Amino acid sequence: MTAAPGGPQPISTRYGLTYDIPADWTNDYRSIAGWSNKDDRASFGAIGHFGEGYCSENDGAQLAISGAAGSRDLDLLAVASKEIRAVEWIFDDDAGTLPTVEYAEPVWFEVAGRPTLRPRHGHPAGQRV
64 MTAAPGGPQP ISTRYGLTYD IPADWTNDYR SIAGWSNKDD RASFGAIGHF
114 GEGYCSENDG AQLAISGAAG SRDLDLLAVA SKEIRAVEWI FDDDAGTLPT
164 VEYAEPVWFE VAGRPTLRPR HGHPAGQRV
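Numbering-wise, the sequence shown is residues 64 to 192 according to the numbering used here.
Treat the hints with care, as some may be off.
[Claimed, not checked] Derived SDA-like pairs (lysine to any residue); straight-line CA-CA distance at most 25 Å:
#, residue 1, residue 2
1, 101, 148
2, 101, 141
3, 145, 162
4, 101, 121
Source of the hints: derived by calculation from the structure; they are not laboratory data. The structure displayed is predicted, hence computed values, not measured ones.
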């Protein structure tokens, strides 16, 4: 897919859908990103990211990342709630201090006549750099 110079970049997902990222982000649509700990794991495909190299102490640090996840579970709200709350353990520190995250109501819409939703939250505050 191509985008107009300076315009949003579309990212194709394996689900046959696309979403847009800002023009100055890296479009890494063939990549996946994932995190895990002893209790949980989270993975996302069709990655967009921004702010590589902003932290000299963490070689893989980025300021922002986007991606798409999917599930066969029929309870969309439960799946989305679990996925969005992963930010709490992904961005905790080694002492178990959780980030401060503001959650918002999800946005419901339809794709090909089927319900779906986009969970929403603000940026985690107080992250380690």
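What are the numbers of the hints the structure violates, in ascending order? Nothing - there is no hint that the structure violates, so all of them hold.
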